[in-house]
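Student: Below are the chains, spelled out letter by letter.
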Amino acid sequence: MIKDITQSEATEDGITDKQIDALIAKHQTDRNGVIDILEAIQASYGYLPPHALRIVAKKMNRSLVDIYGVATFYQAFSLRPKGKHRIVVCLGTACHVRGAPAIVEEFERQLGIKAGETTPDMKYTLETVNCLGACALGPIVVVDERYYSKVIPTQVRDIINNSHSGDRDTADSHQQQKTIGEAVPS
Amino acid sequence: MVIPAGTCGQASGANDLIAAAEKEILLCGLDKNIRVRVTGCHGFCEMEPSVLIEPDNTFYPQVKPDDIPRLIKAVLDGKILEDLLLVSEEGKKYYHQNDLPFYQTQVRSILAAHEKIDPLSIANYIENDGYSAIAEVLENGAPEAILAEVKNSNLRGRGGAGFPTGKKWEMLANQSNGSGKYLICNADEGDPGAYMDRSVLEGNPHSIIEGMLLGAYATGATAGVIYVRKEYPLAIKHLELALTQAAEYGLLGDDILGKGFSFNLSLAKGAGAFVCGEETALIRSIEGKMGEPRQRPPFPITKGLYRKPTAINNVETWANIPIIIRQGAKKFTGVGTRNNSGTKIFSLVGKIKNTGLVEVPMGITLKEIIYGIGGGPSAKAKIKAVQTGGPSGGCIPTARFDLAIDYDSLVDAGSIMGSGGMIVMDEHTCMVDVAKYFMAFLKDESCGKCFTCRKGTQRMYELLEDISQGKGTLKHLELLKELAEVVKDTTMCGLGQTASNPVLSTLRYFRDEYLAHIEKQQCPAGVCKALITYSINENCTGCGMCVSVCSEEAISGLRKQRYKIDSDKCIKCGTCKGVCKFEAIEVS
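Heads up: the protein sequence lines correspond to chains X and Y, in order. Using the numbering used here, the letters of the first sequence map in sequence onto residues 1 to 186. Using the numbering used here, the letters of the second sequence map in sequence onto residues 1 to 588.
The set of hints was computed from the structure by calculation and includes no laboratory data. You may find that some hints are simply not true.
List time: in silico DSS-like cross-link candidates among lysine-lysine, alpha-carbon distance up to 27 Å [said to hold, decoys possible]: (1) Y:K380 - Y:K289; (2) Y:K331 - X:K114; (3) Y:K230 - Y:K167; (4) X:K59 - X:K114; (5) Y:K23 - Y:K73; (6) Y:K529 - Y:K449; (7) X:K150 - Y:K64; (8) Y:K443 - Y:K116; (9) Y:K330 - X:K114; (10) Y:K449 - X:K26; (11) X:K59 - Y:K455; (12) Y:K560 - Y:K64; (13) X:K114 - Y:K230; (14) X:K150 - Y:K471; (15) Y:K330 - X:K150; (16) Y:K455 - X:K114; (17) Y:K581 - Y:K560; (18) X:K114 - Y:K471; (19) Y:K455 - X:K150; (20) X:K150 - Y:K382; (21) Y:K73 - Y:K116; (22) X:K18 - Y:K289; (23) Y:K230 - X:K84; (24) Y:K443 - X:K82; (25) Y:K443 - X:K123; (26) X:K82 - Y:K353; (27) Y:K230 - Y:K259; (28) Y:K331 - Y:K382; (29) Y:K529 - X:K114; (30) Y:K73 - X:K59; (31) Y:K471 - Y:K449; (32) Y:K92 - Y:K79.
Not the full set, but computed from the structure, chain Y residues with beta-carbon under 10 Å of chain X [stated by the list, open to error]: (33) Q10; (34) D191; (35) A194; (36) P298; (37) T302; (38) G356; (39) D512; (40) L515.
Cβ atoms here follow ideal geometry from the backbone N, Cα and C, with glycine treated the same way.
Could you build the full structure based on these sequences and the hints that come with them?
Tutor: Given below as structure tokens:
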């Protein structure tokens, strides 16, 4: 079964075996590197396509269930595609006591999704994180690597609109996650 | 001109300052007269983006890019811009960094270096005595002497448990060196509210490399791994560069400095799992597996990474090593108390005026840190407690603020040192909510291997949820206590064994708050949504600000008259309270 799928040229996502192979070759170390490989795949596609997991399992000589275990154990990995803009709200203790839960709720209301979900138009993914280590400036929100400090609920709408305007900003856009189907740097 | 630009500095706008300064210097052709040094975090995060002018150490807080041109002019004219200085509540101006109450009682043996060092430059580190300890040690060639020095320093692991570092190293040195031994730097700083490791990695990455080189020479370790959490992108960037530079300078790899000593050091990234801070889980994660802890013994010191003997130390521990070797164990033990020598970095955050990283001698009291260095509460509300040790720690009430902080005293008080997070809580912080917050965190982060941790944290969370919604009974408290004890006694790793601390410590010191939720259906701090209502008092001027921000259209009334909140529509988001300038919105 595994063999059949990996032999196909490209999946419906437009991801070819070659692209995944290149990522594996780049990050594989003599001892290991599974987490680095998965991270590279996630960075390239915004999520871990099932097809890619099968290739990794085969190449690394590990069972698919083993790789699936790693992929689901760590918070950084997602098996579902993510939106174009990634909004991360820090829920560390310092942010929590300064009102971060209200910030998450405001994002949820404005975007019409729950934390962890992606808007149906694939524009925004709302995530929470345990601590970003910028505790003095809480509550912290990070949108596409841009940090917002001491956020209050009334700023949420502006933050969302801001991320949108960044679309045309070339300086910012190279940091943004590549969308599915884009070429993988070899 | 020194500009701190760690993650927190950058988040407050340090990059704009740097760009403005560099532009001004370039435009005016001043590159021979003034130089900008971009460094890691200096600790006083509340005042960022800040600028420090050497050699006088004039401190300018919260500088705006527009102020940079005249600031540069003033520096060149040898003047001080009085209007940009920090002013105390009594109107006193602080000229020099050392005059600030925030810095006065600190003993900054690790953090002070962050001001002097550009973390992207190995040459800069070497100019500041960097790598001098390892160079001297290799010249004299006596691994036993380093081991003795670290043992004599009484340094205890800064990751939280406080195991003597010298003893750990001695155990590793005694392991046979048949097929290699490992050193690991644990930089998986998962405790929310603690960020001193991030600051050290970003601000002085070479000090960690030098510490590990010294450790390797003392113990005979052949290779090392630095395990950093993915949430710290800037720390990873600085470390990667530092590793490359060190290798280029012949400080890593084979035959280091031509002395026949070899040590390879690599970087491994975490992927967002709190439990990976536990040493056996961390090892599995480096091996590319699920980060589940395993039963000890065998301890990593005999069977660790790839089943080889391994010693794991925290970032701050490693950062202390070059200092101990350079200045000697005797001087190191001169700071702190008898069984707790040296300094400890704490991250002072939450409802406190001066937030930031503070480095203090062990044995200092909580009061000195919170009211002295921290400057007391950030708002009008009184401070109620401080939470130390992250999710494994506990809350200590103001009545116990005379406590001298060290590893042992904090355990006696029902908390732990942990990695050094100190989250200050005031009257607007609900202790039931805090316990619930930590339990929500722990139930999500429990790896699930031990049944009592997996289900115990979940059930404790549910009990706390009931209490916070006013559905709790006295039976809930009994159950909570019993469950907390069981989870503590029957789980395998540190996560489960300490998971009950947030519950037990709040029950011990803040039982009255639990009782208010249960018996009176009240949340005294005004946090638990099910038990509070929002209303508008007579301070209301009818400005209409609250109406414009209410997403539920729950506020109504006529302009310039007192508005009203419809409690059926109100979702208690608190947005209106945030925008009201007249303190007219009350929570009861």
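Student: Each hint: holds or not?
Tutor: Tested hints:
For the hint linking Y:K380 to Y:K289, the alpha-carbon distance of about 49 Å lies beyond 27 Å, and the restraint is violated. Taking the CA atoms of Y:K331 and X:K114, the gap is about 55 Å. The hint is violated against a cut of 27 Å. Taking the CA atoms of Y:K230 and Y:K167, the gap is near 31 Å; set against the 27 Å cutoff, the hint is violated. Straight-line distance between C-alpha atoms of X:K59 and X:K114 comes to about 36 Å, which puts the hinted pair past the 27 Å bound.
Annotation: proposed proximity of Y:K23 to Y:K73 holds, straight-line Cα distance about 13 Å (limit 27 Å). A C-alpha spacing of about 34 Å is found between Y:K529 and Y:K449, which places the hinted pair above 27 Å, so the restraint is violated. The suggested pairing of X:K150 with Y:K64 holds, with an alpha-carbon distance near 17 Å, which does not exceed 27 Å. Taken as a hint, the Y:K443 and Y:K116 pair is broken in the structure, with Cα atoms around 42 Å apart against an allowance of 27 Å.
This hinted pair does not check out: Y:K330 and X:K114 have alpha carbons roughly 56 Å apart, beyond 27 Å. Straight-line distance between C-alpha atoms of Y:K449 and X:K26 comes to about 33 Å, which puts the hinted pair past the 27 Å bound. Pair hint X:K59 plus Y:K455 does not hold up; C-alpha atoms about 36 Å apart against a cutoff of 27 Å. Distance restraint check for Y:K560 and Y:K64: the Cα-Cα separation of roughly 37 Å exceeds the 27 Å cut-off, and the hinted pair is therefore not satisfied.
Pair hint X:K114 plus Y:K230 holds up; C-alpha atoms about 24 Å apart against a cutoff of 27 Å. At roughly 33 Å between alpha-carbon atoms, X:K150 and Y:K471 are farther apart than 27 Å, so this suggested pair is violated. Under the criterion of a C-alpha separation no larger than 27 Å, the hint pairing Y:K330 with X:K150 is inconsistent with the structure, at around 43 Å. With a CA separation close to 25 Å, the supplied pair Y:K455 and X:K114 stays within the 27 Å bound.
With a CA separation close to 14 Å, the supplied pair Y:K581 and Y:K560 stays within the 27 Å bound. Restraint check for X:K114 and Y:K471: satisfied, since their Cα atoms lie roughly 25 Å apart, inside the 27 Å limit. For the suggested pair Y:K455 and X:K150, the alpha carbons sit about 35 Å apart, so the restraint of at most 27 Å is broken. Our distance criterion of 27 Å between C-alpha atoms is met by X:K150 and Y:K382, whose separation comes to about 21 Å.
Of the supplied pair hints, the one linking Y:K73 and Y:K116 holds, its CA atoms being roughly 23 Å apart against a limit of 27 Å. Pair hint X:K18 plus Y:K289 holds up; C-alpha atoms about 25 Å apart against a cutoff of 27 Å. Taking the CA atoms of Y:K230 and X:K84, the gap is near 20 Å; set against the 27 Å cutoff, the hint holds. Under the criterion of a C-alpha separation no larger than 27 Å, the hint pairing Y:K443 with X:K82 is consistent with the structure, at around 25 Å.
Proposed proximity of Y:K443 and X:K123 is contradicted: the alpha carbons are some 30 Å apart, above 27 Å. Among the hinted pairs, X:K82 with Y:K353 is inconsistent with the structure: their alpha-carbon atoms are about 38 Å apart, more than 27 Å. A hinted pair counts as satisfied when its Cα atoms are at most 27 Å apart, and Y:K230 with Y:K259 does not qualify at roughly 35 Å. Between the alpha carbons of Y:K331 and Y:K382 the distance comes to roughly 39 Å, so the proposed pair goes past 27 Å and is violated.
Proximity of Y:K529 to X:K114 is assessed by CA-CA distance (about 19 Å); at most 27 Å being required, the pair is judged to hold. Restraint check for Y:K73 and X:K59: not satisfied, since their Cα atoms lie roughly 61 Å apart, outside the 27 Å limit. Distance hint between Y:K471 and Y:K449 is unfulfilled; the C-alpha atoms sit about 31 Å from each other, more than 27 Å. A threshold of 27 Å between alpha carbons decides the hint, and for Y:K92 with Y:K79 the separation of about 19 Å falls inside it, so the pair holds.
Interface hint at Y:Q10: satisfied, since its Cβ lies 7 Å from the closest Cβ of chain X, which is below the 10 Å cut-off. Interface hint at Y:D191: satisfied, since its Cβ lies 7 Å from the closest Cβ of chain X, which is below the 10 Å cut-off. The beta carbon of Y:A194 is positioned within 10 Å of a beta carbon in chain X (closest approach about 8 Å), and the interface hint is therefore held. Given the 10 Å rule on beta carbons, the hint for Y:P298 is violated: about 20 Å separates it from the nearest Cβ of chain X.
With a least beta-carbon distance of about 20 Å to chain X, the hint placing Y:T302 at the interface is violated under the 10 Å criterion. For the restraint placing Y:G356 at the interface with chain X, the shortest Cβ-Cβ distance is roughly 6 Å, inside the 10 Å limit, so the hint holds. Interface hint status for Y:D512: violated, as the beta-carbon distance to the closest one in chain X is roughly 19 Å, over 10 Å. Here the hint on Y:L515 is broken, as its CB sits about 22 Å from the closest CB of chain X, past 10 Å.
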